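Asks: Sequences are here, hints too, so could you generate the full structure?
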Amino acid sequence: MPHVASEAIALDAYTLPAMRMRSTARERNERHCCCGLTVRDLIAICSTVLIPLIFGLFTVVITIYQQRIAQLQRGQDLDIAHQQRAHDIELAQQQRAEDRKQAEELNISIVQALAADRQHKHDLSLADNLQKESVLVGYLKEMADLLDKNKFTLNDHVRVSIVRPKTLSVLRQLDSHRKVHLIRFLYESELIITDKNPLDLTDADLDGIDLSFLNLDSISLKSVHMRHALLIRANLSFADFSNSLLTSTNFSEAKMSVGTKFYGAQAEYADFSRISSVKLNMNEIDAHGASFRFASLNQATFHDAHLQYADFEGASVLNADFYRANLENSTITQLQLQEAVAFEGSILPNFNTGDHKNIISNGNAEQKKGQYDCTVKLTSPIFASLWNSVK
Numbered sequence: 072m073p074h075v076a077s078e079a080i081a082l083d084a085y086t087l088p089a090m091r092m093r094s095t096a097r098e099r100n101e102r103h104c105c106c107g108l109t110v111r112d113l114i115a116i117c118s119t120v121l122i123p124l125i126f127g128l129f130t131v132v133i134t135i136y137q138q139r140i141a142q143l144q145r146g147q148d149l150d151i152a153h154q155q156r157a158h159d160i161e162l163a164q165q166q167r168a169e170d171r172k173q174a175e176e177l178n179i180s181i182v183q184a185l186a187a188d189r190q191h192k193h194d195l196s197l198a199d200n201l202q203k204e205s206v207l208v209g210y211l212k213e214m215a216d217l218l219d220k221n222k223f224t225l226n227d228h229v230r231v232s233i234v235r236p237k238t239l240s241v242l243r244q245l246d247s248h249r250k251v252h253l254i255r256f257l258y259e260s261e262l263i264i265t266d267k268n269p270l271d272l273t274d275a276d277l278d279g280i281d282l283s284f285l286n287l288d289s290i291s292l293k294s295v296h297m298r299h300a301l302l303i304r305a306n307l308s309f310a311d312f313s314n315s316l317l318t319s320t321n322f323s324e325a326k327m328s329v330g331t332k333f334y335g336a337q338a339e340y341a342d343f344s345r346i347s348s349v350k351l352n353m354n355e356i357d358a359h360g361a362s363f364r365f366a367s368l369n370q371a372t373f374h375d376a377h378l379q380y381a382d383f384e385g386a387s388v389l390n391a392d393f394y395r396a397n398l399e400n401s402t403i404t405q406l407q408l409q410e411a412v413a414f415e416g417s418i419l420p421n422f423n424t425g426d427h428k429n430i431i432s433n434g435n436a437e438q439k440k441g442q443y444d445c446t447v448k449l450t451s452p453i454f455a456s457l458w459n460s461v462k
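Residue numbers (our numbering): 72 to 462.
Check before you lean on any hint, since a few could be wrong.
[Stated by the list, open to error] Label-pair ranges, simulated between beta-carbon atoms: (1) Gln147 to Ser180: 44 to 50 Å; (2) Ala184 to Gln147: 49 to 55 Å; (3) Gln405 to Val329: 42 to 48 Å.
Calculated from the structure, these hints are not laboratory results.
Every value quoted in this text rests on a predicted model; they were computed, and no experiment measured them.
Each residue gets a CB set at the ideal place from its N, CA and C atoms; glycine is no exception.
Replies: Laid out in structure tokens, this is it:
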């Protein structure tokens, strides 16, 4: 034990001075580490500088990171936008393809509908033609049997009670082409001949009928409806169209050589151009705006006729009678009227009246049993002065 105590005393004697020396060195180092600054001062300075630097560096890092994130986000947004655009384009293409498909289907449907409609109309037309043909054939057979049964002589009772109503009814059902066949049958059966007790066809529907180039000498078509019809170059000598409706009907170049009658007919804007006629009866006709261009109207009678705006260019009116005719605004000339025999009471082009006693001879002709035989001296100076006064 004493030995141990002596060693401890010896150790203390050795260590204590050493510890004091180290403590003194540390204190000296602490006081004079660098440039007169202690370590503690250096630590404080470093803390003051490094902390803002660290924060700044952290801020820069965070900013760069955020920018990177933003770039990544923009890239993702662009990718999404491209994908959406591609999707929209695909949808639009699909929609266009669907629209084209629907349009093609619709077009096919329309084509099919049009084809079906055409077929339907064709079927209706065929059915209508068959029906009209059946009506015509039935009528012709019935009339032929009736004529044969009566030995081609029909009394008035049969004509009025059977033939007339049947004929008018059938005419209303036929087209203009088949009406020609019916009229030709009646004509060739001598049922509508002027001097053979003709069948009464009053109000018969013959509108639009084409009787051009036919020989219809002495045909009786009184009081019929024959508007917009064609009788071009037909032979109409002794024919009778009295009181018929002939609006815009074409008689151009027809032959009316003797006594064809248009008494009281409604023939507005009808075409009588280049007809050849003698003693044509157009008394009381309404031929407003009609054409008589280059027509032969020799000895024709136009008593009380309405000829306003009628065209007489090149027409021959030798010995024609215009008693009380209205020629207002027509194209008839002074030279043409000089060929006429009468115009007493008529209204001439640009004249108020043609009733001038001093240029009419035999002025009492109206007293001769209703026959007019007054003669106008159109070559007289008075007529010439009256005509020239309106030039």
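Asks: Now look at each hint and say whether the structure bears it out.
Replies: We went through each hint and held it up to the structure:
1. Distance hint check for Gln147 and Ser180: the Cβ-Cβ separation is about 48 Å, which falls inside the suggested range of 44 to 50 Å.
2. Look at Ala184 against Gln147: about 53 Å separates their beta carbons, and that is inside 49 to 55 Å.
3. Between Gln405 and Val329 the beta carbon distance is about 29 Å. The supplied range of 42 to 48 Å is therefore violated.
Checked against the numbered hints given earlier, the structure breaks only hint 3 and satisfies all the rest.
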